[in-house]
Amino acid sequence: MMGHALYNDQFQILLLSLVPGLPLVVACALLVRPLQKTGLMLVPWAALPALGTALFLQPGVNLEVGWFFMGGRMGIDLLGQRFLLLAALVWLLAALFGRSYLQNDPKRCRFFFFYLISMAFNFGLILAQDMLGFYLFFAMMSFSAYGLIVHTGSREARWAGKVYIALVMVGEVLLFSGMLLMASRLPDLELTTIASSRPGSVSLIFLFVGFAIKAGALPLHVWLPLAHPVAPVPASAVLSGVMIKAGLLGWLRFLPVGQEIALPGWGMFFVVLGVMAAFYGVVLGLLQQEAKTILAYSSVSQMGIMTMIVGCGLLAPALWPQVKNAVSIYALHHGLAKASLFLGTGLAQGSGRGRPAPWFMSLLLLPCLALAGLPFTSGAIAKFAVKEIVHGLPGQFAAALELVLPLSALATMLLLCHFLKIISQTPSRPASISAGMFSPWFALLGTGGVLLWFWPQRPGYVWHGAEMDLLWQGLWPVALGWGLMAALWKWWPAKMVFTVPAGDILWLFYGKGAALLRLPREKGQNIRVAGGVVGNWQFGWGRNIFDRGRGLEKKLMRWAVVGSAYLLLCCVLLLLLVRW
Amino acid sequence: MSVPPALVYGLTGLFLFVAGLAGLISCAQLLRKILAANIMASGVFLFLVTIGHGRGGVIDPVPHAMVLTGIVVSVSSTAVVLALACRVQETANIHDLLKRRAGGDRE
Amino acid sequence: MIWQNWLLVMILLSSLVPGLIIFSLAESRHGLRTTLNLFGAITKMVLVMIMIVGIHQGKSFAVHLVLLPGLELVLRADLLSALFVALSSILWLFTTIYAIAYLEDSPNRSHFFGYFSLCVTVTIGIALAGNLLTFLFFFEMLTLSTYPLVVHRGTTEALAAGRVYLIYTLAGGFCLFLGVVWLHVLVGPVDFSREGVLSPLVESHGQTLRIIFFLLIAGVGVKAALFPLHGWLPRAMVAPAPVSALLHAVAVVKAGAFGIIRVVLDVYGLQTAKGLGLLMPLMLLASVTIVYGAIYALKQDNLKHRLAFSTVSQVSYIALGISIGHPLAIMGGMAHLVHQGLMKITLFFCAGNIAEILGVHHISRMNGVGRRLPLTMAAFTLAAMGMIGLPPMAGFVSKWYLGLGAIAQGQGWLIGVLVLSSLLNAAYFLPILYGAWFKEPEGEWPADSGTVGPVESHWMLIVPPVVTALIVLLVGLLANSGLSPLAWVRLIINARYGL
Amino acid sequence: MMGLQLQSDCWLIWPVILPLSAALVAFLAKGQPRLSGLTGALLTALASGTLFLKVVNHGGGSYDLGGWQPPLGISLRGDGPAVLMVLMTAVTGLAISVYAGGYFQSRIAMGGKGRRHIVQERFFWPLWLLLWGALNGLFLSADIFNMYVTLELVALSSVGLTALSGKPASQVAAMRYLLASLLGSLSFLLGVAFLYKTHGSLDLATIQAALALSPPVALAMALISVGLMLKCALFPFHFWLAPAHANALAPVSAILSGLVIKGGWYLFFRFWQGFLPLVGDGVVVVLAGLGGAAIIWGAFQAFCQQRLKMLVAYSTVAQIGYLFIIFPLLAIGAGQGAAAVFYFAISHSCAKAALFLAAGSIFLQMGHDRINNLDGVRQILPITTFAFALAGLSLMGLPPTGGFIAKYMYLSLAVSQDSWWLVLVMVVGSCLTAIYICRAVSHVLSPRMVAGRSQVVVGASMEWSALALALVAILLGFIAPLPLGLFEVVG
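Chains as they are written, first to last, in this note's numbering: chain A, 1 to 580; chain H, 1 to 107; chain P, 1 to 499; chain G, 1 to 491.
It is worth saying that the hints were derived from the structure and are not from the lab. Check each hint, because a few of them may be wrong.
[To be verified] Straight-line C-alpha distance at most 27 Å; calculated BS3-like pairs for lysine-lysine: (1) G:K167 - A:K554; (2) A:K555 - G:K54; (3) H:K99 - A:K37; (4) H:K99 - A:K490; (5) A:K107 - P:K299; (6) A:K37 - P:K439; (7) A:K490 - A:K421; (8) P:K299 - P:K439; (9) A:K554 - A:K490; (10) G:K167 - G:K30; (11) G:K167 - H:K99.
All chains, full assembly: derive it from the sequences and hints.
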């Protein structure tokens, strides 16, 4: 029996190691010229162990990997399973898409190298069950994603990369500090220990901000609209679909959610921040003219809703199991939908046929509607899960948030209509798509549409979606949004176009910000060294001191001086000796 | 009260020493310096001779031996000094000559 | 028993003897010289391994030589010295391999390798020094054996740099000397194995002990490049790359840092040092150095200068760890002794490769280097990430423990220093990485020496950085395993403070 | 009683007799001055070695020359310090002799102006052996008048050696040297006369035993002190030293700087040693003050020099200061101060001689000794430059050298007696020493190649003897207990 358990453990460790391990191995293969072809073939399939783990491994595995880093643990819990499923699906399908999308890119090996390592670390952070393991994978994923963002090497990409990496660095050090502060109070660094302890407020702030950067929470979202449009389409899909969820997961893992102690201050903060982001993203998104930028702002807005849910969990600890459920469902739904939108954008822009075909547009409409929460879409299930939580909140919150939810759905619909319009108006670049790109997109659409309906822990309500009032509640924001947008298109003067540059508030202090990022540097050999005087003295005033020293010595060498010294010294010695 | 001759000799010796010292220090020419050094030596010897006299009328032979040895040393060092002085003078002359010739060439 | 005592001497001789033979070799005896070098390095490694195993089994190693009554040279291997000895001997092997290829066809190689071996001998001597006098003894010799290496190129610039180096280090040496003498007058010979000799004097001679501490730290601080005393380090960059690597990672700077550890922990003892209030100034100094070095590194365009200032900044982590005074922080500091060595030697190897193979010395001209030298730049990237302190590189491990110790000691503000340093490190390393990997090369390289063999250049130039970079990665990735430096440091801390 | 009876301590005489007779032989043996000179040097060194072994094994002793008892007879005393100095002279002298053999050989082989080099060598050996004998006599003599005589002998032979090079500069320098030396010895003699007047004895030990500070004694001590200061060129009487030492032939410079200076200082020390308990702080402070001034000023001047040999010569000026700053530290501490200063003298002697020998070789090879143009000598003279660097280490007082041990003892004495100004002077002095030595060494050891004589003219014996001396200076860092044990032996 013991032996069996051990064997089982070993097997699980092997499987779990394969999840981040296989992508890393394939990534390494891409570096070696003879193996590149095989490596490229294998890119999408490197996500298979993750998919398998998410689908077949029972949550609750938690294994010690003592030799790893600072004493690691890995395993999978309920939250992890859902995030892993989402990640595996999106990474896999986006890779399939990308393989065709980047077929003719000379630098595709480099792209997929970064793609794979980001993927590996993304899986790793989901599996990590200890603080430093999580931090390790989180940090590595953030840095690897840099390679995806700057892939094209255009000016915009470089700028986006710069902003991204600066924010990532700030996030890293904040996380580092926060985790240090947290770790100094804990007996060990396992996530279960963290979940049952209460961190200090300073470390909370650090951790919140550190993860908020990744999650694109309000003032720190600036990298999202910059980075998503410049990255190649599959990269945007995973960035927006999966990677920003890592920040969310970080909050869930490290904030004291799910404890008996309510943190009303923090909860309130999260809720307000989330709601603000939900609408801010939409408003800013409406002012954009680039499809992928609009999607990025939509992500900001959607992440706002997830922030809000987390805030609810903080407000009412009793709701925590539902919150966990809701967040993971929402993340799953949003991830799949957003990824299919991004891939769709890629397809539309690369069709080479001028305007996209109607059938294509109607397919593209599906995830949009899902995001807006149309009944019978995945969005409806996610929205319902959220609604359930909102209902559980204390009175005034429930009322306020119940108002917010449909409004946000309406806003989302507005934004996505805007997106569709932009897509339909933007002429395509020369044809670059192939049949191989459609199948992953279809798969993604299909999964997004169907997956939640077969979800084991789906809200019990799902099958009652046909009930009239609920149907209505889901429908009217969508319809209103659509109508409003149609009206706007019709009557809005064509010449009145307001735009805000992507990255909005970043531009407010662009001048100074740029100065911060573009550091003064001295070209050439010059180095400024403190204490440089010592180095130069022989060349500066040294010559002078030599001559002066020798001149003085000549004076000392005169007989008169020597004679007087003789007499003086005789007298002094005599005097001193006699006086004694 | 008569002055003891030992005191006179002794003081004379010391005076000679100091005078020689003054000469050695202040005279510029080499030969004068050498002479001054000799005068100093004579002063010391005179002083030594006086010491030998001073012991209650008994003549002490040791200072005498010292003076004799000292004179030998002094003579030999004077010889060395003089020889060296000649060489210095010679080379100085040659030096001067060379300098003058070089100067003349330039003119 | 006898072999145990001779082992230490043999460890010293294993590099000294080849060094002396190499001095006498003609310039053309390339093969013999290489053989001797490698033979010495490998022998030393083996001997050090034997010693470490012995120490682990609880054996003790010590040799004494009486210079004067009450004045003796002692070589003794304790846990801490084993750490430094292991670092030096391993890195020496790599540096030797690297230097053999790097200096191929350059003049004066016999001289170079002679002094090179001497330098390592002396460094090992510093590590094994059993009392303060022996430490001083080897510390001064280190100055002298590294000087010829610094001026090896013989250019005016090199000579000027050498002069500055000498002035700084010798002046520091005299401070140290004075401190040692003073301490001897106060308490007699200061043996490292007798911590706490000074504690009875805290009441009566507190002020004196403070001054002595200042003198000692000034002495070792010059080599450790503590803030106002660091001026020599960037200038010494004119030396050939293997020398810079050796200087920064193994020998000089590390010896200074090691000296700080010895002075604080073994001469004064943590409690005494705390009681005298000596740690706070040291902590401030180290913090200032960390930030200062990083800021200046940012301003450099010359790659080696940037690395030099980075060293200034990074080595002070060790001093910081010690001065925090909490066992955890000390652990971080000691681990950084090894980690920084590994990372910095990799960086210098890479900088040397870039300069040697491509003729590129400036960061502004490094665009696209990654395409021409992928392995070198990969190693550079790993090491640079370690320097920034990203997990799972070695640098993170030390930073983590430093932070933990700082918090435990109630000095939470130090996290700010660590964070600032990380940010600045990122600011000066990431642009290099970006330029090297993502930018297009700006045309021909100034002096491309061409590809040799299957890798980008001579394999002896490529293998050392790649291997050390992998070690950097593994040391962090397997930090918790029994074979990592961290495990050994934990052993030290356990033995001393019983964590 | 009569002279024919051999006294038990007759071995004391050989280190004096042998070089003197060898000098005579070398002078007379016109054809083979080098052979006879080297043989004499070897024998003298052997005699000194024997003396050393005897003293180590059987303790010190004294010997009355010709069986004549003091005061009329001349007495030699071999106690620890004296024998130590004799041994130092022997070691240094032997190396210098070997060097000189090679030096003259090389010079003669180089040719040049007629027979000048041959004549130089012909006079060098007798003068050098005479000097050696006189020095040994000086160290061993127990009687103050004999000290005067040996002092004069030393001075005359060294002046002769100085003038030997024949350059105008060296002759002028020799003249200065001689006059200063005359002034010094006459002062010394007058002091001796005063001492004899008050004590009726010439035996130093007797005098010191009965010493009381009457005004004549004070005058005597003042005269003797100033006279000896002139002899050993203590600041401000260093005016003659640098030109004389720097312009002499290479082996001569080494002899003068390494050994001759120590003669004057040795007498000074022995006079004051017994006298110190009687005097107040003021005097020792003056002495140490002069020493400190010498250290700083000499080091500064050395730093200012542009010629290598001048630099080394001024370094001697500075190092003499160390021999004098010990006086405040002698008063307390059981013999540690004396041990320290003797150790300093010994290691300085080896190191300085090695420096001058190496500098001489460099001069010979390059044809000049302008420091700034010496880059690249390393390639031509690897051993010599190495010796130069090693000797420099000892001068700087870096471990593991004799200089380090001495400085260590100095500093620990100064610290234990809270003489902070001495500590300051020593540290500053050490730093300055380090700077000027490094300045020279950085050029000498520079890998840069500079045009010079391509053919190596420096003989192997020259290179290795310099290195041997430098190595002795290093070795002194490890064998300190041996000489210092000898130091305890009384005569």
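Against the structure, the hints:
no.	hint	result
1	G:K167 - A:K554	holds, 20 Å
2	A:K555 - G:K54	violated, 50 Å
3	H:K99 - A:K37	violated, 89 Å
4	H:K99 - A:K490	violated, 111 Å
5	A:K107 - P:K299	violated, 32 Å
6	A:K37 - P:K439	holds, 24 Å
7	A:K490 - A:K421	holds, 12 Å
8	P:K299 - P:K439	holds, 21 Å
9	A:K554 - A:K490	violated, 102 Å
10	G:K167 - G:K30	holds, 24 Å
11	G:K167 - H:K99	holds, 16 Å
Checked against the numbered hints given earlier, this structure breaks hints 2, 3, 4, 5, 9; the rest are met.
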